[in-house]
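**Q** Here are the chains, one letter per residue:
There are 2 protein chains.
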Amino acid sequence: MAKHDLGLSLIFHALADPTRRLILARLAEAPAPISELARPTGLQLPTVMRHLSVLEEAGLITSSKDGRIRTCAIKPEALTPVQSWLDEQRAAWEARLDRLDAFVMQKMKEGGE
Amino acid sequence: MAKHDLGLSLIFHALADPTRRLILARLAEAPAPISELARPTGLQLPTVMRHLSVLEEAGLITSSKDGRIRTCAIKPEALTPVQSWLDEQRAAWEARLDRLDAFVMQKMKEGGE
Numbered sequence: 001m002a003k004h005d006l007g008l009s010l011i012f013h014a015l016a017d018p019t020r021r022l023i024l025a026r027l028a029e030a031p032a033p034i035s036e037l038a039r040p041t042g043l044q045l046p047t048v049m050r051h052l053s054v055l056e057e058a059g060l061i062t063s064s065k066d067g068r069i070r071t072c073a074i075k076p077e078a079l080t081p082v083q084s085w086l087d088e089q090r091a092a093w094e095a096r097l098d099r100l101d102a103f104v105m106q107k108m109k110e111g112g113e
Numbered sequence: 001m002a003k004h005d006l007g008l009s010l011i012f013h014a015l016a017d018p019t020r021r022l023i024l025a026r027l028a029e030a031p032a033p034i035s036e037l038a039r040p041t042g043l044q045l046p047t048v049m050r051h052l053s054v055l056e057e058a059g060l061i062t063s064s065k066d067g068r069i070r071t072c073a074i075k076p077e078a079l080t081p082v083q084s085w086l087d088e089q090r091a092a093w094e095a096r097l098d099r100l101d102a103f104v105m106q107k108m109k110e111g112g113e
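Protein chains in written order, with our numbering: chain A, 1 to 113; chain B, 1 to 113.
Simulated from the structure, these hints should not be mistaken for lab results.
Keep in mind that a hint or two might mislead.
Calculated lysine-lysine pairs in the DSS-like style (CA-CA distance at most 30 Å, straight line) [to be verified]: (1) A/K65 with B/K75; (2) A/K65 with A/K75; (3) A/K107 with B/K75; (4) B/K65 with A/K75; (5) B/K65 with B/K75.
Predicted, not measured: the structure shown is a model, and the values here were computed from it.
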């Protein structure tokens, strides 16, 4: 499996959980300490920390420790491979529509001869 | 969990596997029977069928049976929620940058007074 593919799999896996998407949405507003991220999810701290570690492994967030407080922040550029993958899919689909168009035009031309 | 959220989780889960992304990329080119989808993956038919069922549950593909041959096709509009989610993330991030800009401008103005 290509390195790019593995990264994309980790990102999609990280995004497949609604709590992790909630955490990302919260971090898009501003960096936050772990305790503050736990509050709106209603989850225990160890559960939230497991989610954060999945997000960090996928490269979607970073965290830094100041004394006893660990603060998380998103890495917005980390979603670029997802956008690229979507763009590739769209391009393949549009190329297919163009081929279908060309085929129909050719058939119409042949029919008109 | 909102219905929208569940759908998005299923889609991201489906996209988290490189074989399933390979199948989608192949189907973006043209619909294909299951046997043809199995060939480039090098996987056994039952494994491919399990992947197809995950893609179908996420609403990313459809399949139809003609005699003994089941043909799969992508539903390109099914990726719209992913694009919307990415756009929401980007909007939240840009709003944050705008707030930071406004804050810096205000501080500079105060400093200049």
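**Q** Against the structure shown, which of the earlier numbered hints fail to hold, in ascending order?
**A** Structure breaks hints 1, 4.
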